[in-house]
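**Student:** Please arrange chain B on chain A, whose structure you already have, making use of the hints.
Protein chains: 2
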Amino acid sequence: MSLDRAATKPHEALSAILSEDMDAVNALIRARMASEHAPRIPEVTAHLVNAGGKRLRPMLTLAAARICGYDGPYHVHLAATVEFIHTATLLHDDVVDESAQRRGRPTANLLWDNKSSVLVGDYLFSRSFQLMVETGNLRVLDILANASATIAEGEVLQLTAARDLRTDEDVYLKVVRGKTAALFSAATEVGGVIAGADDAQVQALFDYGDALGIAFQIVDDLLDYQGDPKATGKNVGDDFRERKLTLPVIKAVALADGEERAFWQRVIEKGRQEEGDLDHALTLLHRHGALEATRDDALSWAAKAKTAMQTLPESELRTLLIALSDYVVARVN
Amino acid sequence: MSLDRAATKPHEALSAILSEDMDAVNALIRARMASEHAPRIPEVTAHLVNAGGKRLRPMLTLAAARICGYDGPYHVHLAATVEFIHTATLLHDDVVDESAQRRGRPTANLLWDNKSSVLVGDYLFSRSFQLMVETGNLRVLDILANASATIAEGEVLQLTAARDLRTDEDVYLKVVRGKTAALFSAATEVGGVIAGADDAQVQALFDYGDALGIAFQIVDDLLDYQGDPKATGKNVGDDFRERKLTLPVIKAVALADGEERAFWQRVIEKGRQEEGDLDHALTLLHRHGALEATRDDALSWAAKAKTAMQTLPESELRTLLIALSDYVVARVN
Chain A
1 MSLDRAATKP HEALSAILSE DMDAVNALIR ARMASEHAPR IPEVTAHLVN AGGKRLRPML
61 TLAAARICGY DGPYHVHLAA TVEFIHTATL LHDDVVDESA QRRGRPTANL LWDNKSSVLV
121 GDYLFSRSFQ LMVETGNLRV LDILANASAT IAEGEVLQLT AARDLRTDED VYLKVVRGKT
181 AALFSAATEV GGVIAGADDA QVQALFDYGD ALGIAFQIVD DLLDYQGDPK ATGKNVGDDF
241 RERKLTLPVI KAVALADGEE RAFWQRVIEK GRQEEGDLDH ALTLLHRHGA LEATRDDALS
301 WAAKAKTAMQ TLPESELRTL LIALSDYVVA RVN
Chain B
334 MSLDRAATKP HEALSAILSE DMDAVNALIR ARMASEHAPR IPEVTAHLVN AGGKRLRPML
394 TLAAARICGY DGPYHVHLAA TVEFIHTATL LHDDVVDESA QRRGRPTANL LWDNKSSVLV
454 GDYLFSRSFQ LMVETGNLRV LDILANASAT IAEGEVLQLT AARDLRTDED VYLKVVRGKT
514 AALFSAATEV GGVIAGADDA QVQALFDYGD ALGIAFQIVD DLLDYQGDPK ATGKNVGDDF
574 RERKLTLPVI KAVALADGEE RAFWQRVIEK GRQEEGDLDH ALTLLHRHGA LEATRDDALS
634 WAAKAKTAMQ TLPESELRTL LIALSDYVVA RVN
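Going line by line, the protein sequences match chains A and B.
In this text, residue positions in the first sequence follow our numbering: the first is 1, and each later residue adds one.
In this text, residue positions in the second sequence follow our numbering: the first is 334, and each later residue adds one.
In case anyone wonders, no lab produced these hints; they're calculated from the structure.
Keep in mind that this is a model prediction, so the values were computed, not measured.
Quick reminder that beta carbons are idealized off the backbone N, C-alpha and C, glycines included.
There's no promise every hint is true.
Taking beta-carbon pairs under 7 Å as the criterion, some of the chain B residues facing chain A (in silico) [as the list claims (entries may be wrong)]: (1) Val-428; (2) Val-451; (3) Tyr-456; (4) Ser-459; (5) Phe-462; (6) Gln-463; (7) Val-466; (8) Gly-469; (9) Asn-470; (10) Arg-472; (11) Asp-475; (12) Leu-490; (13) Leu-556; (14) Gln-559; (15) Asn-568; (16) Val-569.
The following block holds chain A by itself, in its conformation from the complex (with noise of 0.2 Å):
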């Protein structure tokens, strides 16, 4: 608790104060993604499971649950659960089909088959299944299924969405919703209500787990288009050259005139692209003010995600949580 927390980003300073309970998320996923039968399970999670990577949503449930005075054992196994889903969907998003590889886009599956990649994938899922059950509480079930259809159907409508023009702020939401912020909320609202947290407070836990997951995705698509490659590992232009729709290009698009639309038309509809044209894709970004309007929209979803948390009991860890959506807009401010 003595930590230099000034120093210290948000997420790291939540790892360290909840060290405790993440060591028993950890030994959990270990324990729970074993098979007995099946050795190409472990073989396919390990790499996964143990590169670890920040455990942001398991974090959040810990934290929901603990900001509500949770002090059951249940908090676990919700946090488990969430990384399960959320390693779940990794794999998932892993399959590939031929035609995309054959566009030359990098696939991600390169270490294992898209038949293990979907069936390790289900198996973690049933995982998730299992745990949650285990705490018995029929309204966390109903949070984490409904969780799950909303990310299914966001997957799915990316499909169709992601190359077509037609597709409007309203739509990128619900794709969003599906990508990222259904699991923060759901990560979020099932620690509160494991907490037995009043309507309120598990209403204001949904609310800054969207809030959040929406900023940090807003920022993401932002930085394909402004980011610095060498902090953000990502070369401007990817999403571009994979001819998806980004809030802003869809906010470009609103504001196109026909000629600019017969660009957008070419370049993400037809991927017709030709030398040059990234370049005047940010021109016509620039011109719509479309990344300084995507900048603010992420500014005002962090701001949503603060002022939900402010409503709920102050604590060290709501300090973090607050400091954490500052955090995820902090790259584009």
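**Tutor:** The following block gives chain B in isolation, referenced to the frame of chain A:
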């Protein structure tokens, strides 16, 4: 109730008796597979769900609940749950790898790409999850969570076991439970649980579904080596050409001498098949009585199913489920 049962197949007679319940199941399936936002979802599921199939699994749930005297609404939810899980696993089985396509194996997902098969399958899983949560019955959720894990683990196990001559009958049974029997047994078991049946009845329903599913799959494997293509719709030797280690081959491998073992290694493990290999495989299967022994196993599992069902209260539905266990093995008896 006045149908001429003697001239009717058991599953057709079940379908007739349960027609009101099945209408409710079909209406629920149609309502829940819809998606307001993602039109790709009904496009993909329509051909699977409307084509109908025999709807064997949901009928097992309905019949089990009715045999145990249930008159509430939730057997319909559970029947739809079971059908959604079945359809989702079919979609995930559709996912293929480029290498598999190159080997000239017929691809199951000609209509839809891998990504759609995975994500729409996930959507159906999440829909099934919502349906079972609506029953508010934690024991049902526990059974279905465990069945999901058995299914996924069996499917992954099959990836590595199917071409490995060390695969024995124990491993084969695990794979078969994953592919078929775990969903059959969960289908019947949850029907009893939702009806509030006592432990012995629930166990009998589980045993019936488990044994029926195993008999069903063994018959399928056997027909691949000795079926009439006109009746089965399968060519003799499909599994052999796909290098699948099914029960007849496992039995022949267990009794193989050195030369025979080398043959199986070449054709199954290494996949270097030549003209005349299928005939030689059939010779070896006959030499060791492997087809007869496989048939005996199927009959023995069907008998187990029958014995389990006979412990339940007598009724027309019970008679039909007993007839169903005979019918499943009639093709090889």
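**Student:** Each hint needs a verdict: does it hold in this structure or not?
**Tutor:** Taking the hints in turn, this is what the structure says about them:
no.: 1; hint: Val-428; in the structure: 5 Å, holds
no.: 2; hint: Val-451; in the structure: 5 Å, holds
no.: 3; hint: Tyr-456; in the structure: 4 Å, holds
no.: 4; hint: Ser-459; in the structure: 4 Å, holds
no.: 5; hint: Phe-462; in the structure: 4 Å, holds
no.: 6; hint: Gln-463; in the structure: 4 Å, holds
no.: 7; hint: Val-466; in the structure: 5 Å, holds
no.: 8; hint: Gly-469; in the structure: 6 Å, holds
no.: 9; hint: Asn-470; in the structure: 9 Å, violated
no.: 10; hint: Arg-472; in the structure: 10 Å, violated
no.: 11; hint: Asp-475; in the structure: 5 Å, holds
no.: 12; hint: Leu-490; in the structure: 4 Å, holds
no.: 13; hint: Leu-556; in the structure: 25 Å, violated
no.: 14; hint: Gln-559; in the structure: 29 Å, violated
no.: 15; hint: Asn-568; in the structure: 23 Å, violated
no.: 16; hint: Val-569; in the structure: 26 Å, violated
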